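Number of protein chains: 4
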Amino acid sequence: MKITPAVNDQNRIIGQVPANTTVEELHARDKAAQHFGIRILKLAPGEATLSMQVVEWMTQGHNICHGGFIFTLADTAMAYASNSGDLAHVALNANIDFLNPVREGQELVALAAEANSTKKTGMYKVSVTIKNGPLVAEFRGRTYGLSRKS
Amino acid sequence: MKITPAVNDQNRIIGQVPANTTVEELHARDKAAQHFGIRILKLAPGEATLSMQVVEWMTQGHNICHGGFIFTLADTAMAYASNSGDLAHVALNANIDFLNPVREGQELVALAAEANSTKKTGMYKVSVTIKNGPLVAEFRGRTYGLSRKS
Amino acid sequence: MKITPAVNDQNRIIGQVPANTTVEELHARDKAAQHFGIRILKLAPGEATLSMQVVEWMTQGHNICHGGFIFTLADTAMAYASNSGDLAHVALNANIDFLNPVREGQELVALAAEANSTKKTGMYKVSVTIKNGPLVAEFRGRTYGLSRKS
Amino acid sequence: MKITPAVNDQNRIIGQVPANTTVEELHARDKAAQHFGIRILKLAPGEATLSMQVVEWMTQGHNICHGGFIFTLADTAMAYASNSGDLAHVALNANIDFLNPVREGQELVALAAEANSTKKTGMYKVSVTIKNGPLVAEFRGRTYGLSRKS
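Protein chains in written order, with the numbering used here: chain A, 1 to 150; chain B, 1 to 150; chain C, 1 to 150; chain D, 1 to 150.
If a hint is listed, it holds; no wrong ones were tucked in.
Straight-line Cα separation of at most 30 Å, DSBU-like style, residue types lysine-lysine; simulated pairs: (1) D:K131 to B:K120; (2) A:K131 to C:K120; (3) A:K31 to B:K131; (4) B:K131 to D:K120; (5) C:K31 to D:K31; (6) D:K120 to A:K120; (7) C:K120 to B:K119; (8) B:K120 to C:K120; (9) C:K131 to A:K120; (10) A:K131 to C:K119; (11) A:K31 to B:K31; (12) D:K119 to B:K131; (13) A:K120 to D:K119; (14) C:K119 to B:K120; (15) C:K131 to A:K119; (16) C:K31 to D:K131; (17) D:K31 to C:K131; (18) B:K31 to A:K131; (19) A:K119 to D:K120; (20) D:K131 to B:K119; (21) A:K119 to D:K119; (22) B:K119 to C:K119.
Rather than coming from a laboratory, the hints here were simulated on the basis of the structure. The model shown is predicted, which means the values in this text are computed figures rather than measured ones.
Chain A extracted, bound-state conformation:
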């Protein structure tokens, strides 16, 4: 497979994105997701369900998960949901509401679903819950599509 750079002329360059890259391939090269132990539970067109176990280094103070990592899980879910089509998508922006604390040892599940898409942009809603537990955060993000070179 030929790898060429997918340059985002305006936003984040997302690195080398080969044509016809599957989300599984993206995940295999995604060191950040691996470092966090993020696992893919389910993929479908415009959808992704991921999970992440909160370990000790993810906490601030005693045993509460840093909000940035809840965001990271949600952002990763959006990325995987938005990169299943022909275009490589990068995040333009995102917002998050924090609703409940998450403690060390708990497992988070993020469900991302495309709520709108056009030729160039996409909008995704992501809900993060504690597995078999309460809603932890609501996230909404906008993506911008880049052509993939082949």
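For this one, chain A is given, so just place chains B, C and D on it according to the hints.
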């Protein structure tokens, strides 16, 4: 120093927050910040300047920093800027616009400043730049103050 | 009915909010909603469905509804959904994604639903659609509860 | 001057935008802004300062300005700041934090400034204050540029 729990009756419990905790003490107990190599460059009432070096595991694809970690740096800067007073603050929500890609090896600097505060809530604006380089992200967050037990 | 001021010690004073005010009473005193012809289609605890017809003065350029008025409808729906309980709620913040244009003569429907609530804060999601048509905007807002004096 | 439609292939159609339209011309055709009595105080490339007097119908409850109209003023300021160049810009999304109440009779001033721009997108920060008074709201929005037909 007596440590007692600061319970957020409604949002994230931020763990054991002792009375009169300094931000330096918070940082010493903040495993997430340590894991990311986040350093405190400057602290002032309502302000915090932090830095973070982007290392290999922070990247997705080849060498581009995951947006979640830019958010994490900004969120940490807000936390340190908002926890310098009498109340322990937790984040209610935040939004971020991503403007430029960040590559492995680059150093990020986040400057958080309180833009508004009341008896119970605070609002913080955080700008993230590449050191001696362009603006990477704009972040704005709202915090809610919890009483610190002593 | 005795009317006393519900003072928001930190955010927006929402004027004179009598104890046990119904949303219908709020609407009767809500000159802004009346000016826009905003109608209540349905009310339930934590929910409100409102409609608004786009008339000529709501447009910018030729016949496209100003984004601020789509926000206004969504914000009003959140207000009505959040003011059905014991506390008077004011908006702390909100975000909106614009997805499709709205033209003069079209009718907008906003559906607000509480997605989280605590002793002091609430979070609401609002979807705005063209009646029998596509999604126009997604909105999420956070509210802060004030005691109602009686 | 030939008027042709500027079609937003993905978001809001902003109506008939002639080539080389000045912001003053946009304002002249902007019925929403006129209805609100929004005045242009200052224009510069990437900047706009607007004012709006809060009149009775803009209030909810007794004499407090509806948050939607504070958003409308900020959104209009972004539109005028972003439409001074070659491209017609439409809003992709926006967020707002409400900080202080505004009463009937007060004059609001919104200052919009471009914080980032690329070939296709722009990011604007808008601060709304009461004239000679406190900060009322902070707003940040993202725009998408459309080609103007001539």
